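Given these sequences and hints, build the entire structure.
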Amino acid sequence: MKQQALTGTIISDPKVLKMSPILLFVKIADTHSGQLINCLVHKHGLNFLYQATLGSQIAFYGHYNQRKQFVIDKFMINAQLSA
Numbered sequence: 089m090k091q092q093a094l095t096g097t098i099i100s101d102p103k104v105l106k107m108s109p110i111l112l113f114v115k116i117a118d119t120h121s122g123q124l125i126n127c128l129v130h131k132h133g134l135n136f137l138y139q140a141t142l143g144s145q146i147a148f149y150g151h152y153n154q155r156k157q158f159v160i161d162k163f164m165i166n167a168q169l170s171a
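The sequence shown maps to residues 89 to 171 in the working numbering.
Among these hints, one or two may not hold up.
Stated by the list, open to error - With a straight-line Cα cutoff of 30 Å, these simulated DSBU-like cross-link-like pairs (lysine-lysine) come out:
id : residue 1 : residue 2
1  : Lys90     : Lys106
2  : Lys162    : Lys115
3  : Lys90     : Lys162
4  : Lys162    : Lys106
5  : Lys162    : Lys103
6  : Lys156    : Lys90
7  : Lys131    : Lys90
8  : Lys115    : Lys90
No lab work stands behind these hints: they were computed from the structure. If you're wondering where the values come from, they're calculated on a predicted model, not measured in any experiment.
What follows is the structure, encoded as structure tokens:
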């Protein structure tokens, strides 16, 4: 497992895949390459669900699983301000 730090923009609303323990799925567009990254959030899933909004900037740290999904271990969300 190679850990990576990435930044991007949330382009889909988080979807709850499993409730106990909570598992979320979200799509993020990478800032540097422009690639679409399919991500899973397990740790601090409720905080992510509360903070994540469409179009928010996110910095995240984690690794890719066997299905080429990025598993987020740590994240920091910079929410967009609306007028």
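The hints, checked one at a time:
1. Lys90 <-> Lys106: This hinted pair holds, its Cα atoms lying about 25 Å apart.
2. Lys162 <-> Lys115: With Cα atoms ~16 Å apart, Lys162 and Lys115 stay inside 30 Å; holds.
3. Lys90 <-> Lys162: Within the cut-off at roughly 14 Å; holds.
4. Lys162 <-> Lys106: 19 Å, holds
5. Lys162 <-> Lys103: 18 Å, holds
6. Lys156 <-> Lys90: This hinted pair holds, its Cα atoms lying about 12 Å apart.
7. Lys131 <-> Lys90: 18 Å, holds
8. Lys115 <-> Lys90: Holds, at about 20 Å.
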